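Chains A and B are the protein sequences, given in the same order.
In short: position in the first sequence from 1, add 1428, done, that's my numbering.
In short: position in the second sequence from 1, add 97, done, that's my numbering.
I should point out that these hints are in silico values taken from the structure, not numbers from a laboratory.
Hints may contain errors.
Claimed, not checked - Covered stretches of chain A, as calculated for chain B (at least 3 residues, CB under 8 Å): (1) 1430 to 1443; (2) 1542 to 1556; (3) 1571 to 1580.
As the list claims (entries may be wrong) - Cross-link-like lysine-lysine pairs, in silico, DSBU-like; alpha carbons within 35 Å at most: (4) A/Lys1561 <-> B/Lys158; (5) A/Lys1583 <-> A/Lys1444; (6) A/Lys1583 <-> B/Lys158; (7) A/Lys1583 <-> A/Lys1437; (8) A/Lys1589 <-> A/Lys1437; (9) A/Lys1444 <-> B/Lys158; (10) A/Lys1522 <-> A/Lys1597; (11) A/Lys1597 <-> A/Lys1444; (12) A/Lys1583 <-> A/Lys1561; (13) B/Lys158 <-> A/Lys1597; (14) A/Lys1589 <-> A/Lys1435; (15) A/Lys1522 <-> A/Lys1444.
From a predicted model like this one, the values you see are computed outputs, not experimental measurements.
Quick reminder that beta carbons are idealized off the backbone N, C-alpha and C, glycines included.
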Amino acid sequence: MILTGEKIKEEVANGKIEISPFASDRVTTNSYDLALGDTLIRYTSEILDPREKPEYEELTIPDEGLVLRAGDFVLGHSQERIGSDHYVPLIHGKSGTARMGLFVHVTADLIDIGSHGVSTLQLYATLPVRLHKGMLIAQVSFWRTYGDIVLYEGKYQNSTKPQASMTYKDFKYDQFKK
Amino acid sequence: MILTGPKIREELVRGTIAIVPFSEEQVNPNSYNYRLGPLLKVYRGFEDGQSRFEELVLPEKGYVLEPGQMYLGHTLEIIGSSQYAMSLTGRSSMGRYGLFLQVSANLGHTTSEHQWTLEIVAIQRMRIYPGMIIGQVSFWRNFGDLANYTGRYGRINRPQESFVPAFD
């Protein structure tokens, strides 16, 4: 079951959902609107290799905005710190963003319960699009769980800006490495 | 309602969820991390009114995906459930590389059980390895009576291209 906007407000007030900063006018019928933070990451590695730490540059979105060309891919982040120890968050584009041909995630919409921090957005433009800091770009919904809860303690916990992939840290259970 | 990791484990023991092979350390707080199977189909163009795919076995040293190219891969694991609906996506660590594991078709029907075909698209050049942990599957409770899955894809254990007939 998905939480309604009214329930999201209630659970933010109860401390069961973290959205910070929180503004009640960003609450929609079934979700909360997320604003784009200032910092972007662009990979510079010629070939991304999950066994290697990727090379990347960090950019700050200027006041006049930053144009992504069709085919460009950068990592952004939500201004808000989000998370819950009681519900599972899912990230979605806002339909207004999607209508501009912009993906806000690349097939990974699911957030682990117990994960807290700004959310890394996987921004992929299929048309030229200008990004502005603070624009409402994505939304987060919250879902009830079934079963005992074990909280996330992973490598992206407490992010304060976009996080590049850290698969190079996964080798402890990396059975593809013989 | 989405199943938590401990509930996924419980249902596996009860036999209402199948994940084969299963590894305890791939259980997440609300999903299971699946691995990339060894077979990959590479799109080789449109001939005689049909998409042509060439099948290859992923080498241990890895295989570089090219942007703009479409590939079909598959999960190493057989994944299914007699009771729950499934959502299969990439893991965030792959999304962060700009790697699509499916192209907007994430829903797995209750009672399907097989090695899923993955629709792989890389935005940037990227190396993949057979057996790597590449995505996650979550399980969702149903609401309503259940009819059995009668689709064509949900029993196939290798990368399977679309059965949709090509246009004339």
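Quick rundown of the hints versus the structure:
1. 1430 to 1443: Since three or more residues must qualify, the claim that chain B covers the region 1430 to 1443 of chain A is violated, with 0 doing so at under 8 Å.
2. 1542 to 1556: holds (count 5)
3. 1571 to 1580: holds (count 10)
4. A/Lys1561 <-> B/Lys158: With a Cα-Cα distance of about 41 Å, the restraint between A/Lys1561 and B/Lys158 is violated, given a limit of 35 Å.
5. A/Lys1583 <-> A/Lys1444: 22 Å, holds
6. A/Lys1583 <-> B/Lys158: Judged against 35 Å, a Cα distance of about 26 Å means the pair holds.
7. A/Lys1583 <-> A/Lys1437: Measuring from Cα to Cα gives roughly 29 Å; hence the hint holds.
8. A/Lys1589 <-> A/Lys1437: 25 Å, holds
9. A/Lys1444 <-> B/Lys158: 45 Å, violated
10. A/Lys1522 <-> A/Lys1597: Holds, at about 32 Å.
11. A/Lys1597 <-> A/Lys1444: Holds, at roughly 30 Å.
12. A/Lys1583 <-> A/Lys1561: 26 Å, holds
13. B/Lys158 <-> A/Lys1597: 18 Å, holds
14. A/Lys1589 <-> A/Lys1435: Holds: A/Lys1589 and A/Lys1435 sit about 28 Å apart, inside 35 Å.
15. A/Lys1522 <-> A/Lys1444: Judged against 35 Å, a Cα distance of about 24 Å means the pair holds.
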